[in-house]
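S.K.: We have chain A already, so just place chain B on it with the hints.
Sequences listed follow chains A and B, in order. In this text, residue positions in the first sequence follow UniProt numbering: the first is 1, and each later residue adds one. In this text, residue positions in the second sequence follow UniProt numbering: the first is 1, and each later residue adds one.
Heads up, none of these hints are tricks.
A pair holds if it fits inside one copy or across any two, identical chains being indistinguishable in the list.
Okay, derived cross-link-like pairs now, SDA-like style, lysine to any residue, Cα gap no bigger than 25 Å in a straight line:
# : residue 1 : residue 2
1 : K179      : H37
2 : K36       : R251
3 : K36       : K179
4 : K179      : Q130
Worth flagging that the hints you see were computed from the coordinates, not collected in a lab.
There are 2 protein chains.
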Amino acid sequence: MSLDTAATAPHERMQSALADDLAAVNALIRDRMASKHAPRIPEVTAHLVDAGGKRVRPMLTLAAARMCGYEGSAHQKLAATVEFIHTATLLHDDVVDESHKRRGRPTANLLWDNKSSVLVGDYLFARSFQLMVETGNLRVLNILSNAAAVIAEGEVLQLTAAMNLATTEDIYLQVIRGKTAALFEAACEVGGVIADQPEGVVRGLAAYGDALGIAFQMVDDLLDWGGSDGVLGKNTGDDFRERKLTLPVIRAVARADAAERAFWVRTIEKGDQREGDLEQAMALLLAHGTLEETRIEALDWAARAKVALDPAPQHPLRDMMADLADYVVARLT
Amino acid sequence: MSLDTAATAPHERMQSALADDLAAVNALIRDRMASKHAPRIPEVTAHLVDAGGKRVRPMLTLAAARMCGYEGSAHQKLAATVEFIHTATLLHDDVVDESHKRRGRPTANLLWDNKSSVLVGDYLFARSFQLMVETGNLRVLNILSNAAAVIAEGEVLQLTAAMNLATTEDIYLQVIRGKTAALFEAACEVGGVIADQPEGVVRGLAAYGDALGIAFQMVDDLLDWGGSDGVLGKNTGDDFRERKLTLPVIRAVARADAAERAFWVRTIEKGDQREGDLEQAMALLLAHGTLEETRIEALDWAARAKVALDPAPQHPLRDMMADLADYVVARLT
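Here chain A stands alone, though its shape is the one from the complex:
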């Protein structure tokens, strides 16, 4: 989802509080995405990096480390690692989804080609591993390499779950953990580990990132239906057209009568979509109340994220992280 905002949105307050760290992370990113020999690499990467993602993930690493009193600079390397992993997955996602737009600009696979997106993504993955190895912290390496595996597994799972009406809520949860929550979780957890925090704090930070990521992705999936109020907007319905099973649909399918099931089989499994089908799908989600249920689930995960911060030290950055959890679900209410 996009984090558009009032001037005092929590991620903007975090940006101010972490300005020096973020400047160092940006310098590190620019330095490490360079390639003496293959200028195509910084071209492609800069296209994406300059498009200005909000750096939420690296900011979480910086915030987690700083609020735990960390005073070194290894957290900047970890933050850059996290952003590189994120950027690499975006490049590969755009190839897999055959996307043409990302952050309001043409995607790299459109501007250059799929080959460049695949190979530059690989380069960024490799650079991210170099960066994390430089910290010399084996526990951090363990967390981040596990996250990379969960992310890739989730992407493959999403590929095979699409168009499959047998997709369960468990599979959905695993897909969104892979595509979103695993990196949020690792980003927060390594901040605590590098700051040498007790186990309870580290676990709390990991649980915060996991829950925040799940809430974030559920909101994203709900906004693809225009939110929970059942009004389709002009940027809605992509998931239906791409035959992706997100939570509102999975629940509506589970409760479908024979006629409704035939509708889902035709539109999602067989991909035979006609005029009016999107509206019909929406009517079914409303009839079964699954948009509203998904909204409540997202709020629940945001609440869990806040509770998970309990063991962490009192700090203004901790308050901003708590506010961020409210913020990601605020557009739904």
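M.R.: Leaving out everything else, chain B in the frame of chain A:
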């Protein structure tokens, strides 16, 4: 290149000498390519792993460690790491090259789709990092993450060097180091590092892998022209059709007169290839003697590989590694 063989080919003798280690590595590969949740992953991977590459790269890691007296089992994890990195790059290469055959079987991108090849490749990269992190050896992590970056950079470089007549011998060397030699080098080097060898031995092993990989790739590039004798076979000319600049062409371009240069501009830069052009290209390579020169370069790199083994301990595996260097260039003489 393919290593077809007499019964006593050096890689077959290595296979016998390392049979127990290789069985453990194969078990590890099978175990780690599994995915509880995404069965597509082991399907795609098994397709490639079972097709039976000769496991040259993991064997180099095992051989390097064992000849240095290593008695633990971490070298098996490193060997599996190396094979996973190799398999991941094959999956991505097939997408980039739009290949339809690999090891005599249809490629994964053809049997499943490009999406699966990209994402399963990512999964194997992530698994390879998990495996190497498990060894807990930071120097090994450093070597392998650097190799991964060199590999990806080399692939991007190859992409931008294709069709570009300004490609120099330096760029060619860097491309083949990236696509082949970097992983050979790292495979050998980590074997010495895990066996806790003195710096001279480790450097020698790395230099052996680098030189072996370069010889290996030069032979491959030469065989694409049917070898050095100037007779085109039925499996020749792919690089010319794909407009890739390998060493024989780079040197012929450097010495071209105006008419010859016009030929290369038309066929390689503009991609306007007509009947008889492949034969004409071959005539130019023969006229400038660049096939024979490339053969001599490959022999020279094989010789360097053998010399690089000097600091390593005397051991039957060391002799087999030396023989392997002769073997990879033997098909050219």
